[in-house]
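Asks: Line by line, the protein sequences give chains A and B. All letters in the first sequence, in the order written, are residues 0 to 369 by numbering that gives the first Met the number 0. All letters in the second sequence, in the order written, are residues 0 to 274 by numbering that gives the first Met the number 0.
Watch out, some of these pointers could steer you wrong.
Said to hold, decoys possible - Here are the simulated lysine-lysine pairs, DSBU-like style, with alpha carbons at most 35 Å apart: (1) A/Lys162 - A/Lys137; (2) A/Lys52 - B/Lys217; (3) A/Lys52 - A/Lys306; (4) A/Lys106 - A/Lys271; (5) A/Lys306 - B/Lys217; (6) A/Lys271 - A/Lys283.
By construction, these hints were calculated from the structure, which means they are not laboratory data.
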Amino acid sequence: MVGSKKNTVYSMLILLPSLILLLVFVYGFIGNSFYVSLTDWGTGAALRENPVKNLIGLENYRQLFTGAIHERFRQDLINAIFYSLFLVAGTLGLGLFLAIMLDKGPKGENILRTIFLFPMALSFVVTGTIWRWIFSPKGGVNLIPTWFGMERGDFLWLSSREKVALFNWQSVPQIIAFILFVIFAFMLYGGWKNGRKTQTVWGAVLSGLMLFYAAVLHYLLPPILPYAEFHGFSLATVGIIIAAVWQYSGYTMALYLAGLRGLPVAMYESAKMDGAGDITYYLKIAIPNMWPITLSAIIIISHISLKLFALIFSMAGADNASTGHPSVLMYLITFRANNFAVGAAISVILFLMAALFIIPYLIQSYRARR
Amino acid sequence: MSQNTLRRVSPIVYVMVLAAMVIFLVPIYMALITALKNPAEINLATAWNLPSYPYWQSFVEAYNMLLPSLRNSLVLTITGTVLSALVGSINGFVFSKNRFRGSEVVFTLFLFGMFIPYQIILIPLFQLLRAIGIYGSLYGLILAHVVYGIPITTLIFRNFYDQIPDSIVESARLDGAGFFGLYGRLFLPLSVPGFVVVGIWQFTQIWNEFLWGVTLTKQSSQPVTVGLAQLAGGQAVNWNLPMAGSFLAGFPVLLIYIFFGRYFIRGLLAGSVKE
Chain A
0 MVGSKKNTVY SMLILLPSLI LLLVFVYGFI GNSFYVSLTD WGTGAALREN
50 PVKNLIGLEN YRQLFTGAIH ERFRQDLINA IFYSLFLVAG TLGLGLFLAI
100 MLDKGPKGEN ILRTIFLFPM ALSFVVTGTI WRWIFSPKGG VNLIPTWFGM
150 ERGDFLWLSS REKVALFNWQ SVPQIIAFIL FVIFAFMLYG GWKNGRKTQT
200 VWGAVLSGLM LFYAAVLHYL LPPILPYAEF HGFSLATVGI IIAAVWQYSG
250 YTMALYLAGL RGLPVAMYES AKMDGAGDIT YYLKIAIPNM WPITLSAIII
300 ISHISLKLFA LIFSMAGADN ASTGHPSVLM YLITFRANNF AVGAAISVIL
350 FLMAALFIIP YLIQSYRARR
Chain B
0 MSQNTLRRVS PIVYVMVLAA MVIFLVPIYM ALITALKNPA EINLATAWNL
50 PSYPYWQSFV EAYNMLLPSL RNSLVLTITG TVLSALVGSI NGFVFSKNRF
100 RGSEVVFTLF LFGMFIPYQI ILIPLFQLLR AIGIYGSLYG LILAHVVYGI
150 PITTLIFRNF YDQIPDSIVE SARLDGAGFF GLYGRLFLPL SVPGFVVVGI
200 WQFTQIWNEF LWGVTLTKQS SQPVTVGLAQ LAGGQAVNWN LPMAGSFLAG
250 FPVLLIYIFF GRYFIRGLLA GSVKE
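Starting from the given sequences, assemble the full structure and let the hints guide the process.
Replies: Have a look at this one:
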């Protein structure tokens with residue numbers, strides 16, 4: 000609905016202050032962080048009135064990905080990917096399970112829903128403090144085996160230095176090239192099957208290039224690190240993942256429950272008429288029909304997983320390298336070591352990771368509104 | 000399917016939901032029994048046991064330790080919530096009922112600010128607050144919460160006003176209501192549920208916030224999340240105090256959640272489910 004000219008003028012005047020604030024505080028600040036990440040601000044007296052800042056290009060990024068002193072950043076980055084994967088898998092799985100259970104209509108549904116959802120209302124600092132106690136090495140969950148007459152568990156939930164699924168950082172470009180090869184190969188296949196010529200050609204060219212890099216070029220080019228450096232899934236993150244899944248499963252449950260309730264009753268009835276049991280109904284009909292909900296849940300939860308700062312900080316402490324996350328490292332490097340340029344570079348990397356999920360989501364919702 | 004309440008619910012479902020319920024309540028149980036134990040009684044080996052008698056003194060002690068930060072959080076949260084709700088309301092009114100060419104693009108520009116990891120703006124924000132001399136004060140935190148709260152409050156109010164039929168707006172305009180008359184006389188009085196949803200959402204968000212609290216404040220302006228992290232962070236501290244402190248820091252939002260849970264969920268879904 001479009002109002003009169005006078006209305007439009009008022010509308011713009013009303014929005015102007017907010018728009019200016021957001022242009023400065025969101026877009027301007029993002030630009031500023033990009034700029035800071037290209038400087039050497041932080042060496043020397045970083046907090047002086049007019050600190051020395053020299054442009055040094057992408058050097059900070061090069062150091063983060065391939066410099067000897069930033070090994071922790073690389074492990075943190077790997078941790079971030081695992082945090083996201085497990086948080087998404089855990090909250091979607093548990094949330095869907097709880098939603099299906101509630102959808103069966105047990106008595107006391109309101110109370111159950113309240114219990115499953117209350118952790119979301121709490122601060123990560125509050126829940127993190129409590130979970131730290133539950134995961135303390137000589138108490139909490141490690142005592143559970145003693146209830147069954149077994150020895151006390153000795154797993155160091157938050158400080159174990161053990162890593163599994165190890166891989167060499169030197170082979171990361173090869174791994175990425177291979178993943179891209181698979182994606183482009185699917186594109187090629189899709190184009191070929193549907194007779195789309197441009198897509199077929201691009202798919203063939205790009206997948207060929209990626210395969211060539213992974214199979215040939217990778218071995219000819221100098222390695223990104225002069226020595227082998229092993230990273231993997233840090234077992235100390237398991238405790239934090241459990242706490243985060245506990246906190247956010249209620250949210251995915253609420254999403255899925257709304258989705259299940261939104262499905263027409265006729266869908267269930269006709270599935271029953273065709274002789275489908277409950278399990279078949281949920282697996283073959285309900286879950287596929289809730290794909291849009293699953294998609295937004297994946298986006299939102301992945302996004303939340305980038306904000307685990309407060310949970311990690313209060314459960315394991317900022318200095319704990321085994322549970323590290325780029326957001327925690329950014330805090331340490333910026334506010335403890337006063338190395339603003341490297342801190343900004345980490346924040347840019349975090350931002351780009353978030354943008355990967357958010358920009359497609361915003362474009363899609365913009366199109367839907369129009 | 001919920002309409003079909005006569006259907007028999009299998010006992011397996013009850014076993015499952017009961018098990019889930021118990022697991023979900025474990026942290027609360029642990030926090031409560033530990034907070035109620037006499038410090039002398041706290042022992043890792045008996046962490047799961049009930050206290051032999053309730054020892055309330057920890058709550059008093061934790062309260063006294065957290066009092067300055069609780070006070071800061073209260074001021075910060077109420078001011079931040081009220082201001083960002085007011086801005087969001089009038090913005091939402093524009094985006095819903097006074098669309099103009101390009102308003103959807105502006106709205107999308109607004110929304111983007113809701114999804115960024117706040118690390119990306121932290122260094123410039125820190126610099127700006129230092130430059131204008133409010134770094135380390137509550138004003139800096141309030142400013143941050145109001146500005147970065149604009150996207151979500153605008154979104155919730157826009158969705159809320161979208162439910163008010165355009166025909167009512169048309170007839171009010173025909174009766175001569177101008178921009179501000181329409182907002183002040185018609186929309187604002189209808190906005191109470193919208194303010195409740197936004198108010199609850201912003202209250203919990205600001206109360207629970209930690210990143211800005213830990214980077215942009217000094218000792219005197221710390222919010223309660225930072226106070227609690229410090230209380231729990233010291234190695235020498237006995238566990239009864241952090242647990243009691245967790246209850247105190249979680250209490251206001253828990254209270255809101257229990258009494259206004261319905262509205263809380265609506266705020267929660269606002270960002271993810273389109274109308």
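Asks: It remains to establish, for every hint, whether it holds in the given structure.
Replies: Here is what the structure says about each hint:
The suggested pairing of lysine 162 of chain A with lysine 137 of chain A holds, with an alpha-carbon distance near 21 Å, which does not exceed 35 Å. A C-alpha spacing of about 26 Å is found between lysine 52 of chain A and lysine 217 of chain B, which places the hinted pair at or below 35 Å, so the restraint holds. Restraint check for lysine 52 of chain A and lysine 306 of chain A: the C-alpha separation of about 29 Å stays at or below 35 Å, so the hint holds. For the hint pairing lysine 106 of chain A with lysine 271 of chain A, the CA-to-CA distance comes to about 23 Å; that is within 35 Å, so the pair holds.
A distance of roughly 23 Å separates the Cα atoms of lysine 306 of chain A and lysine 217 of chain B; the hinted pair therefore holds under the 35 Å criterion. For the hint pairing lysine 271 of chain A with lysine 283 of chain A, the CA-to-CA distance comes to about 12 Å; that is within 35 Å, so the pair holds.
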